[in-house]
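Trainee: Letter by letter, the chains look like this.
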Amino acid sequence: MMITWPHMGSLEVVLSSIFEELQLDYMLPPPNSERTLDLGARHGPEFACFPLKTTLGNFIEAIENGADTLIMVAGKGPCRFGFYAETQRRILMEAGYDFRMYQLEFEPRMIPNTIRNLRILKQGRSWMSLVRAIKFAFAKGEVIDKLEQQALRQRWMDRDKGATTAALKKCYEMISGAGTYASLSRVEEEAFKSMLSVPRVEREEIKIGIVGEFYLVLEPFFNLNVEEQLGDLGACLERSVYFTDWLRPSTENPISGHPASESEEAARPYLTHFVGGEGIQSVGHAVIYKRLGFDGVVHLMPFTCMPETIAKSILPRVSQDVGIPVLSLVIDEMTGKAGVSTRLEAFVDLARSRRRAVDIKPQLQPTLT
Amino acid sequence: MNVGIPGGLLYFRYGKLWSSFLDALGVEVVESGETTRSILSSGVSKAENESCLAVKVFYGHVMALRDEVDALFIPRLVSVKKRTHTCPKMLGLPDLARAATEDKLPIISPTIDFQKGLWSNYRAVYSTGRIFTSNPLRIIRAGIKAWGEHRRYLEKLTQGLEPRHVLNGEESENLCEGRELRIGVIGHHYNVYDTFTTMSLLDRLKGMGVDVITADMVPEELREKALKRLPKYIYWSYEQEIAGAILACTQYGLVDGIIFMISFPCGPDSIIRVICEHENKMMGNIPMMTLIMDEHTGEGGFLTRIEAFVDMLRRKKRRMEETEEMEEAVIPA
Chain U
3 MMITWPHMGS LEVVLSSIFE ELQLDYMLPP PNSERTLDLG ARHGPEFACF
53 PLKTTLGNFI EAIENGADTL IMVAGKGPCR FGFYAETQRR ILMEAGYDFR
103 MYQLEFEPRM IPNTIRNLRI LKQGRSWMSL VRAIKFAFAK GEVIDKLEQQ
153 ALRQRWMDRD KGATTAALKK CYEMISGAGT YASLSRVEEE AFKSMLSVPR
203 VEREEIKIGI VGEFYLVLEP FFNLNVEEQL GDLGACLERS VYFTDWLRPS
253 TENPISGHPA SESEEAARPY LTHFVGGEGI QSVGHAVIYK RLGFDGVVHL
303 MPFTCMPETI AKSILPRVSQ DVGIPVLSLV IDEMTGKAGV STRLEAFVDL
353 ARSRRRAVDI KPQLQPTLT
Chain E
5 MNVGIPGGLL YFRYGKLWSS FLDALGVEVV ESGETTRSIL SSGVSKAENE
55 SCLAVKVFYG HVMALRDEVD ALFIPRLVSV KKRTHTCPKM LGLPDLARAA
105 TEDKLPIISP TIDFQKGLWS NYRAVYSTGR IFTSNPLRII RAGIKAWGEH
155 RRYLEKLTQG LEPRHVLNGE ESENLCEGRE LRIGVIGHHY NVYDTFTTMS
205 LLDRLKGMGV DVITADMVPE ELREKALKRL PKYIYWSYEQ EIAGAILACT
255 QYGLVDGIIF MISFPCGPDS IIRVICEHEN KMMGNIPMMT LIMDEHTGEG
305 GFLTRIEAFV DMLRRKKRRM EETEEMEEAV IPA
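So the protein sequences, as listed, match chains U and E.
Heads up, the first sequence is in the numbering used here, so the first residue is 3 and it goes up one at a time.
Heads up, the second sequence is in the numbering used here, so the first residue is 5 and it goes up one at a time.
Only chain E is shown next, with the shape it has when bound in the complex (with noise of 0.2 Å):
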């Protein structure tokens, strides 16, 4: 039996975990790897036109894998953390991949609800392990190997190696590397490494000489000590993280820029920018941008608002620094 994984939304953060997992179980995986032109444009015209960005993706993925397949796994992810839900488009996942496949192909959708408690989500994990072997030992022994892999991708991952390189095994430059300027690429998971459908702008700014953090990279305390800046608790559990690192990221002064990636039109982020952009105002003002991608996106507008914001940034700092040095001039004399 071969069980495919789409390779869109949270296969990003989670997908070595769903494959290791799988993969102890001796299930053959497919994956259906990068997104590509082909990809994106049988997805759109397959989700309704309200989707966003990440899900007509997503419609994609599935779409390609849709012949090659027995079945599909899609868990269903409610939430993450405690008091938090994820966007509701994750929370029917499952089902609009029924939607899509008209009922063809069976989907594997084990429900992962930590505001249950670890009872129901051990319960999730092993029912979805007693499809594939009879044998509890193995389901148990797949599931502790999967989450050693798991956090050691995440791990990887606030290192600053992007994940196509780490799920691939390849050597890669660091995002991080002490370059001229550093930019906060902030955004979710599948909004920022998703090379096709951003244009691989981390590529990009890495040869421009820009330093790139992500979300990933803003260490977590710094995040949740951000957040509490906020005077109502966000209920999102990435929407928590993005915030939580742009909040940071301004409060502390980690990065000279932040471009906030966004596709359209993802409900959360719609409020939080609003609240991110209102706080990053009456903090600091580091300049930010927000990046809005759709189907439609073109890559030379795309280019140009990137370049002119990093030489923007680039001169923001020599006048800042050419400043400083005249001050420490005057000081002896």
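Bound-form chain U, shown alone (with noise of 0.2 Å):
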């Protein structure tokens, strides 16, 4: 039994972490690539959300590598998300591959099953050691999660361009590696520090917050690295959703710090009620960053994808009652990377030059009296 799942941000620490904890065969799909996104978008139904193709992409060539066994979280909607599963099943069946796939329902309705595939995941491991390897990936995660923020928040001071990210990275290894509680402690203090001693620069602060759709802004490969290209830009970022934000049953005490009540509450003149996904987290967060005086919000969505969708509607009206510069960016796999460079470089400027503007004035008025 050789177990996969899809890429998605720091999921396949957390997951690695969970099998190698029990002691179980897995093995992760190749990295992320233009040709997981054509195979995707070759098997994939014509006009199914982004996420759909590339999680597809990711299982086929997980499959093609020698894994019978995959795992994929499904829901009870309203967004398209919870059906994945079960689409996906269907059309690796019609392509004719061989495999097994268990789904991970958490609608209290759906437990049982959920109990029984996870029998059959932990091949005989006890429940207790499960329990256990979960909270462990889980605090992993926390830590991961904690130490992105810092590099979201840094990355724009860096004197040489992709340092923050370099550190990052070793952190991530220095993570994987860490076996208990202690060590992990200990990993997270020296982690820390590594980041903070990267070298800085002084330079003109603006703030630009980050919103959207979970898949789209957790994976790096696909958005196209809108953080690293913002923070290179120089642009202090911070982001809606974290990793463990989403995994976690409670919205409280997010690693974002915006727990899903109050952006509800921020959303409530626009956006009154749920529309599945982060549809309204998303116009949210967009007034909660205006509140706390940031420069722009970019908004990251899926082609087709409903919630964001409905979101992207409602934005242009956010903005121009609260006045800050939303981007929406619809990323699906005909996007080019340069068309998305370029209007991240102009909206940075925008943002830069609206920040000016506002310093100016305060100056300006004692002359004129």
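The hints are simulated quantities; they were obtained by calculation from the structure and are not laboratory data.
Among the clues, some could well be false.
Stated by the list, open to error - To give a feel for the contact side, a few chain E residues facing chain U, derived at Cβ under 7 Å:
no., residue
1, 54
2, 89
3, 100
4, 103
5, 236
6, 239
7, 271
8, 274
9, 278
10, 282
11, 284
12, 286
13, 287
Stated by the list, open to error - Just some of the chain U residues that point at chain E, by a computed CB distance under 7 Å:
no., residue
14, 68
15, 273
16, 311
17, 312
Think of the CB as a built atom: it goes at the ideal place given N, C-alpha and C, for glycine as much as any other residue.
Combine both chains into one complex, guided by the hints.
Mentor: Right, dumping it as structure tokens:
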């Protein structure tokens, strides 16, 4: 039984930690590439959302490399994500691949089914060890999220471009090597030290928030490294969703700092009802970021994503109302990197000149009176 | 006070209910009527690029009503059945309309959610009534009357009449009258019944001598029974009907062919399509064509595909009849 799962941000570190702890066989799909996208787009339904195609591509590449047991999360909607597993199972079956797929659902009604699937997946390991492994993996995930947050906040001050990214990559390795809670907290300390010791220079600060659909926000290959690009352009960043925020059952005290209730409250004048996925959070965070004095918001969405389409229809209104520039980037297999880079550059320039205009105004006023 | 009801999306299903409810409360109801080219183009220019054709049409209807009415009536249908949701776009529809009209027009949007039980729905309807009248009895009477009208309207749809004829009270030919071929035209109400965006598909099929079965006309028990085949419960209310209708059509051989109408880029339908095509292939393979409509769909290409599909079905049927005749001719000898 060779277990695999699709890539999504730091998911690979977290899940491999579980399987390593339990000493089970697993393999990662080959890293995301153009081929992944090609395969996914070829087999996937025409206007299914982008993550369905990319994760399908991951599965196909993993099966080609010898995996036979696929893990996928399923749900109860109203977003399409809940149906990914079922759709992908049918597509892979029709394409003639040999595999078993285990769907993990956390809706109360489906819990017995999930427990049955977990029993097969844990292959005779005890439930206690499974719970312990999950808890430990979650702790690792939290450390990674904190480090990513730190990277977003400091990348714009790098003296040498890419230094923070390189340091972050080293931190990932250190964390996946940690085996106990004690070593994890030691690694955390070390990692933060190495991140903070990256050489910096003084720069003019502008702050940009990233909101949007979680898969695209979390998966750097498919969002065309938006975070790195913005950081290199000199923007201090914050994002609305982190991996463990998305995973955690409770929505209080997220890494991103703004619980769901707060962003729903902020979105209320514009969007009053839950629309699935992160639709309402995207709108709410745009408002929150304005309150915190950010200079702009970048909204990431996959093409045809239903909740984000609603958010995208409403965001121009929010932008006008509260006065914060919003750039919506719709990404799919046709999106070119150069186009996105140009738009990001223009957006950062715009945010910067707005900030300067605001900074200059108070100086002008005394001379006028 | 006059209240506008945009004639897009769920209007094809609940239009009668809404208009007769408001009518019974003494409100002057303004409807935007059927989709026209100008409605479509104003909707396309106003709506978000990524929204589906039906939402764009809906925007057009909202724009058409914007200057004529004092308020818009756009209910938020969260769930019309236990354990299901409607499409996210319908969950956000009043908010979309508010963004489109730039907050200039009040929007009456009671929230209907059957996951929360009957009481909250009663409250939603009642508070809508209170906007127009202070007489509680009148609200209840209006509600009961509207519900009756709605049931009669749906009943007529299951008998095979087209919504626009029913709404206008015209006499019309039945969609299914025992013509030579029978095709299931399955899809959302707003995809199948909108004469403009479908380029009067139903009339054209009638003209070609084809009987049409819509999802409404497939009996509900058959739909529910057919849905039991699926390992995963479909959590969208209207997709359940569509998938149920397609599966019932193939499982019980109700039709000679199926046309699945989707508006680009409908989220739930993209998934349902994969599941239905796969199930259809495993069950008995009734010819199935998926028509995807958007604002750029050309009439020529659309017609050619339908004609080719109908011709193909006709030839298939004739060949089957011939082989049956031959078999019959062989047996006596």
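Trainee: Now tell me if each hint is right for this structure.
Mentor: Hint check:
1. 54: holds (5 Å)
2. 89: With a closest approach of 4 Å, the residue 89 of chain E hint holds.
3. 100: holds (5 Å)
4. 103: This hint holds: residue 103 of chain E lies near chain U, its Cβ roughly 4 Å from the closest one there, short of 7 Å.
5. 236: holds (4 Å)
6. 239: holds (4 Å)
7. 271: holds (4 Å)
8. 274: holds (5 Å)
9. 278: For residue 278 of chain E, the interface hint holds, since the closest Cβ of chain U sits about 5 Å away, which is under 7 Å.
10. 282: This interface hint holds because 5 Å falls under the 7 Å limit.
11. 284: violated (12 Å)
12. 286: violated (10 Å)
13. 287: violated (14 Å)
14. 68: violated (26 Å)
15. 273: Since the shortest Cβ distance to chain E is 5 Å, the answer is holds.
16. 311: Holds, about 5 Å.
17. 312: holds (4 Å)
Hints 11, 12, 13, 14, counting from the list given before, are not met by this structure.
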